[in-house]
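Starting from the known structure of chain A, fit chains B and C onto it as the hints suggest.
Protein chains in written order, with my numbering: chain A, 1 to 314; chain B, 1 to 280; chain C, 1 to 533.
No wet-lab data here; the hints were simulated from the structure. In this text, a Cβ means the ideal position worked out from N, Cα and C, and glycines have one as well. Take these hints with a grain of salt, some might be off.
[As the list claims (entries may be wrong)] Each computed SDA-like pair below joins lysine to any residue, with the alpha-carbon atoms no more than 20 Å apart:
hint, chain 1, residue 1, chain 2, residue 2
1, C, 400, B, 40
2, A, 209, A, 235
3, C, 400, B, 223
4, C, 343, C, 331
5, C, 287, C, 205
6, C, 410, B, 222
[Unchecked claim] One side only, chain A facing chain B, incomplete, derived with CB under 10 Å:
hint, residue
7, 2
8, 22
9, 27
10, 236
11, 286
12, 297
13, 299
[Said to hold, decoys possible] Stretch by stretch, here's where chain B covers chain A in the computed footprint (C-beta under 8 Å, at least three residues):
hint, stretch
14, 5–19
15, 127–141
16, 144–156
17, 252–262
18, 269–283
19, 290–296
Single-letter residue listing:
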Amino acid sequence: MARYALQRILLALPLLFGLSLLVFFYVRIIPGDPVTAMLGVQANPDLVARLRAQYGFDEPILDQYLMWLGNVLQGDFGISFRSRQAVAPIIVDRIPATLQLMLGGLFVSLVVAIPFGIRAGMKYRQRSDTVISTITLVGLGSPGFWLGTILMVIFALVLKWLPSQGYTPFTQDPVASIRYMILPSVAIGLVGAPFLVRVVRSTVVEIMKEPFVPYADARGLREQVIFWRYIIRNLLPQFVVVLGVLVGALLAGSVAIEALFNWPGMGRIFIGAVTERDYAMIQALILVYGVIFVVINLIAEIAQAALDPRIRLK
Amino acid sequence: MNVIRRLWRIRSARVGVVLAVLLLTTAILGPMLLPLDPNAIDVRARFAGPSTAHWLGTDDLGRDTFTRLVHGSRMSLFIAALSALLGTLLGVTLGVITGFLGGWVDVAGMRVVDLFFAIPTLLVAIGIVALFGPSATTTILALGIAYTPLYARLVRGTVVSVRSRTYVDASRVLGARGVRLLRTDILPGIVPIALVQTTALLGFALVDEASLGFLGLGVQPPDASWGQMINAGRQFIFQAPWLTLIPGFAVILAVFSINLIGDGLRDALDPRASQRVGDT
Amino acid sequence: MSRTRTARLLAASSALALLVGTAATPALAQEPAAGTIRVITVEPTQGLDPAIAAADASRTLMTLIYDNLVDFDESGALTGGIAESWEPNEDLTSWTFHLRSGATFSDGSPISAADVVWSIERMRTSESLKGALANVTSVEATDDATVVVSLSAASRALPLTLSRGGNAAILSQAAVEASADYFAMPTVTSGPYTLESLAPKDRAILQANTAYWREGYPKTATIEYIFSEDQNSWAAAIESGAADVANVGYNDAQRLREAGTIPVEQSDRLTPLFWGFDTTTPPFDSKLVRQAIAYAVDRQGRIDACWFGTGAVTYGNILRPWDPNFVEISTYDDSDRAASLAKAGELLDQAGWVVGADGTREASGVAGVEDGTRFSVSVPYEGNWPAAECNTLLLQQTLKEVGLDIQPNKYDPAPFWGDVAAGQFQMYHGGAGATDSDDLYLNWFRSGGALTPLTTHLTDPEIDAKIDAAIAGDAETAKAIYAELEAWQADELPMLVTGYQWPQVAMAPGLEGYYSIPDTSLKWLANATITAP
Numbered sequence: 001m002a003r004y005a006l007q008r009i010l011l012a013l014p015l016l017f018g019l020s021l022l023v024f025f026y027v028r029i030i031p032g033d034p035v036t037a038m039l040g041v042q043a044n045p046d047l048v049a050r051l052r053a054q055y056g057f058d059e060p061i062l063d064q065y066l067m068w069l070g071n072v073l074q075g076d077f078g079i080s081f082r083s084r085q086a087v088a089p090i091i092v093d094r095i096p097a098t099l100q101l102m103l104g105g106l107f108v109s110l111v112v113a114i115p116f117g118i119r120a121g122m123k124y125r126q127r128s129d130t131v132i133s134t135i136t137l138v139g140l141g142s143p144g145f146w147l148g149t150i151l152m153v154i155f156a157l158v159l160k161w162l163p164s165q166g167y168t169p170f171t172q173d174p175v176a177s178i179r180y181m182i183l184p185s186v187a188i189g190l191v192g193a194p195f196l197v198r199v200v201r202s203t204v205v206e207i208m209k210e211p212f213v214p215y216a217d218a219r220g221l222r223e224q225v226i227f228w229r230y231i232i233r234n235l236l237p238q239f240v241v242v243l244g245v246l247v248g249a250l251l252a253g254s255v256a257i258e259a260l261f262n263w264p265g266m267g268r269i270f271i272g273a274v275t276e277r278d279y280a281m282i283q284a285l286i287l288v289y290g291v292i293f294v295v296i297n298l299i300a301e302i303a304q305a306a307l308d309p310r311i312r313l314k
Numbered sequence: 001m002n003v004i005r006r007l008w009r010i011r012s013a014r015v016g017v018v019l020a021v022l023l024l025t026t027a028i029l030g031p032m033l034l035p036l037d038p039n040a041i042d043v044r045a046r047f048a049g050p051s052t053a054h055w056l057g058t059d060d061l062g063r064d065t066f067t068r069l070v071h072g073s074r075m076s077l078f079i080a081a082l083s084a085l086l087g088t089l090l091g092v093t094l095g096v097i098t099g100f101l102g103g104w105v106d107v108a109g110m111r112v113v114d115l116f117f118a119i120p121t122l123l124v125a126i127g128i129v130a131l132f133g134p135s136a137t138t139t140i141l142a143l144g145i146a147y148t149p150l151y152a153r154l155v156r157g158t159v160v161s162v163r164s165r166t167y168v169d170a171s172r173v174l175g176a177r178g179v180r181l182l183r184t185d186i187l188p189g190i191v192p193i194a195l196v197q198t199t200a201l202l203g204f205a206l207v208d209e210a211s212l213g214f215l216g217l218g219v220q221p222p223d224a225s226w227g228q229m230i231n232a233g234r235q236f237i238f239q240a241p242w243l244t245l246i247p248g249f250a251v252i253l254a255v256f257s258i259n260l261i262g263d264g265l266r267d268a269l270d271p272r273a274s275q276r277v278g279d280t
Numbered sequence: 001m002s003r004t005r006t007a008r009l010l011a012a013s014s015a016l017a018l019l020v021g022t023a024a025t026p027a028l029a030q031e032p033a034a035g036t037i038r039v040i041t042v043e044p045t046q047g048l049d050p051a052i053a054a055a056d057a058s059r060t061l062m063t064l065i066y067d068n069l070v071d072f073d074e075s076g077a078l079t080g081g082i083a084e085s086w087e088p089n090e091d092l093t094s095w096t097f098h099l100r101s102g103a104t105f106s107d108g109s110p111i112s113a114a115d116v117v118w119s120i121e122r123m124r125t126s127e128s129l130k131g132a133l134a135n136v137t138s139v140e141a142t143d144d145a146t147v148v149v150s151l152s153a154a155s156r157a158l159p160l161t162l163s164r165g166g167n168a169a170i171l172s173q174a175a176v177e178a179s180a181d182y183f184a185m186p187t188v189t190s191g192p193y194t195l196e197s198l199a200p201k202d203r204a205i206l207q208a209n210t211a212y213w214r215e216g217y218p219k220t221a222t223i224e225y226i227f228s229e230d231q232n233s234w235a236a237a238i239e240s241g242a243a244d245v246a247n248v249g250y251n252d253a254q255r256l257r258e259a260g261t262i263p264v265e266q267s268d269r270l271t272p273l274f275w276g277f278d279t280t281t282p283p284f285d286s287k288l289v290r291q292a293i294a295y296a297v298d299r300q301g302r303i304d305a306c307w308f309g310t311g312a313v314t315y316g317n318i319l320r321p322w323d324p325n326f327v328e329i330s331t332y333d334d335s336d337r338a339a340s341l342a343k344a345g346e347l348l349d350q351a352g353w354v355v356g357a358d359g360t361r362e363a364s365g366v367a368g369v370e371d372g373t374r375f376s377v378s379v380p381y382e383g384n385w386p387a388a389e390c391n392t393l394l395l396q397q398t399l400k401e402v403g404l405d406i407q408p409n410k411y412d413p414a415p416f417w418g419d420v421a422a423g424q425f426q427m428y429h430g431g432a433g434a435t436d437s438d439d440l441y442l443n444w445f446r447s448g449g450a451l452t453p454l455t456t457h458l459t460d461p462e463i464d465a466k467i468d469a470a471i472a473g474d475a476e477t478a479k480a481i482y483a484e485l486e487a488w489q490a491d492e493l494p495m496l497v498t499g500y501q502w503p504q505v506a507m508a509p510g511l512e513g514y515y516s517i518p519d520t521s522l523k524w525l526a527n528a529t530i531t532a533p
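The following block holds chain A by itself, in its conformation from the complex:
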């Protein structure tokens, strides 16, 4: 198992290397002079000089890359040209907020999707399956921020149960933190749930085709227990695969949800950086998003192998 894990980690390294190349070239494909694009035509000359030095635009491209990579590996992503603060600590401060929101979203997705997915799968092509599948299709088309707006109006403004926006770190005040995270988590979780329902449903449909299943219903409790265990055991490895996809969807969805609920995560600074054309920040964020996504997928792969021995033997 350890050997398999190590093998997967080593395989992820070239990907991270490629990601660094991608992000490195990103600012170099800006149309026109990148410094002008970043700072505008009437920029402060001191800032222009700092920017040119930070990117080394006048050096050969390989030197530029090595210099940049060297800095990045030491955790130095340069300075933001808007706030004039170092980029890395700003992003690092936001990672917990984004991860918290994603965990909340994941939780909501699972809680909503598993029972409905199983129900739909077991009642395949029956009335409750049709109802759940239709709702799922509607859910697939509902933009998260739109759902979030409606949730905010109902639960924050009309019923006044929850705050409409804001954030408190979990470590500082867990109760307040959870109160703040409920609405955004539900909004983002409901975006992820339809994908998950469809996966769970089709998995259960496959399981239901197994020969022993029709008998389980007829023969008492003992078989039912076996049946449930069987379903869960077959769902689990599937989940781990789906988790990677789901996390991607949640990460992407978090950007709009963070903007809507003024949630100070990476998405907030990402959108801010895009509208402000703060490329040092965008560059670093794309890399960090990529690394988070790769790492989560890696964990998913390894966990899947741990649950399903056939995979590591392949």
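Here is chains B and C on its own, set in the frame of chain A:
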């Protein structure tokens, strides 16, 4: 032809097709038939309720909501169609080239695809918007490029499996030139998967266009698109909730119909599913 | 001083606080500061250096951390700040400031006469105040507690300039010189609060300055200064208990007033809304074109559509009817819209912009423009200001009626004013505040004024001389000169003022003692207390 007939036999897909045709007709013909300018402001008729003059009332500037919705449909569907088309063109091209040529081209191409895979699509799109500035054109470009990696990987997989089938090898042995091989064997093989995938992209593009619009990175005011309308309506959620709700319903309806068609296509194209066709 | 109706506590909030309990009784002033007030507003986009940051977004936070030599009270009258008192010499060419004894910076070091001299010297060369202080010839400390400012010409306006929130900050020379990056995170400061942390796109945390010179202030220990780009969400934040104070949108203000649960105060400070022009190049180098636009714009329509009926219109004046220097001008009265539009059309024809085939005007004999060029102008506005977007969309539609093509351009708010100053725009949407007629003409019209490069872009020695004379003269002289200047600007239109916006401040019911003052400021938060609902 066979596929379409089979698709039509699936009830849910039929619903999807009818809805999609309705939406498309509205989007294409609507703007020509409606007498009002979608951007015409009338400050004396703000937040008017539904009436014979304004079927869905008016917005904060007295603009006719129905007219804007119809023009917005054209914009949103246009963006979705073109970005799905762009994603398809790029994805199929990349997938066929890597899958067909194999060797180092395949390795290099797929590594690049893997890279983009490491970043969620909407984030790739936002990164592209940052380079070119927000507009309808950028939205199409950004979404089209963002959808390419997944598409390319799917097509490559299909091409590799088609190529490895004996009859393709046989035709190579017989000396068929590469281009002909592509046309006769490879391309027909990927049509079914492309149909399903492009349909799915249409749905993603509609939701992603709305998200970009919400973030202020899509269509710019005063032009209307569904995403832009949801975002603009949000500040008047109490005075006029319909300004937010209606364009949201439009997105849901459009994606719903597309997914019905997509699911139908999948069933219609899957021979194993054929015995299920007709039972709903 | 402009009249203010804002300086009152709302009866509703007091009554509610009484119901809530006894915690909000005046006895609190003697108790040590406690509690947290959560403000939600835009991020200080221009940083925290008083010499550079002229935008309200930055000044709002700066007023909480930097104190001035001269302060003003809730009615807008000047009062003691770090200077306890001041007096001019007979001919108003020299002002003597007597510093408060025992005033200290947040690190406990005394605010010395040397710090004050250094700070004023810094203002004199600063982007934000060099124009208003152009007449200063010397700044001297005559002893530890006295600073004398000498002027090249008489001026009544010096104390007013030194009260300019945020920009006329008294800084610690030692602290500023100790670090090249001091203004990235200024911690040793003179104001009621000190900056504890500032996270971009998140929030700043301000803690009460325990060494603050005003006994018993600030009354609340902490201010959580939450950044948000989405003004549409601020009212909701207060309603749902996620924030305590915010400057809410007009639609929300109206809704909250109707609901009656959240008090909303209106500040009717002098805050002209205007269209800025590049008057050096076509088409706006032509006075006729500018006047045509002044005739064509729908002034009341803007108030109704974008400001939900709040604020006021003007048909030529910048000053408001209750200003002592107001003399009514009604050149652009548009009660007969058709006549106004016809007049605008005439002026455009005269300027050489004739109606083309598609209804859009094109040049025909306009100096410096090729014949047949369409009148098409991109008009940027600050992207985080919903009412500005509405205003610009409305402009587009109104000017279409006279054949002018306006392209609204949603602009990144951070570089917006820098790009205005750099002359990037032909025409743009603007709004800013002034305390009174002296401040307005000194800082908006005089060359080198704090806001001149952002508003009128004037460098006209004749106008400068008139403003200087108004500021040096007695009330009668000033009134006569301002009447002349008002008439001049209404005709010349270096910028086109169409009316005023009146900020709507919503407050959580538990907030007591806060009022917005006739300035861009949250400074009165130092007086406020908060009780949990």
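Here is what the structure says about each hint:
1. C:400 to B:40: Roughly 10 Å between the alpha carbons, so the hint for residue 400 of chain C and residue 40 of chain B holds.
2. A:209 to A:235: Status holds; Cα separation ~15 Å.
3. C:400 to B:223: This hinted pair holds, its Cα atoms lying about 16 Å apart.
4. C:343 to C:331: 11 Å, holds
5. C:287 to C:205: 48 Å, violated
6. C:410 to B:222: Cα-Cα ~10 Å, so holds.
7. 2: It is violated, given that the least Cβ distance between residue 2 of chain A and chain B is near 24 Å, above 10 Å.
8. 22: Holds, because the Cβ-Cβ distance from residue 22 of chain A to chain B comes to roughly 5 Å (cut-off 10 Å).
9. 27: Hint holds; residue 27 of chain A Cβ to chain B Cβ min 9 Å, cut 10 Å.
10. 236: Hint on residue 236 of chain A: violated, closest Cβ of chain B at ~24 Å, above 10 Å.
11. 286: At 6 Å from the nearest chain B Cβ, residue 286 of chain A passes the 10 Å test, so the hint holds.
12. 297: Given a least distance of 8 Å, the restraint on residue 297 of chain A holds.
13. 299: Violated: closest Cβ of chain B sits about 14 Å from residue 299 of chain A, beyond 10 Å.
14. 5–19: That given contact holds, which follows from 4 residues of the stretch 5–19 of chain A lying within Cβ reach (below 8 Å) of chain B.
15. 127–141: That given contact holds, which follows from 4 residues of the stretch 127–141 of chain A lying within Cβ reach (below 8 Å) of chain B.
16. 144–156: holds (count 6)
17. 252–262: Per the Cβ count (6), the hint holds.
18. 269–283: Holds: 8 residues of the stretch 269–283 of chain A have a Cβ under 8 Å from chain B.
19. 290–296: holds (count 3)
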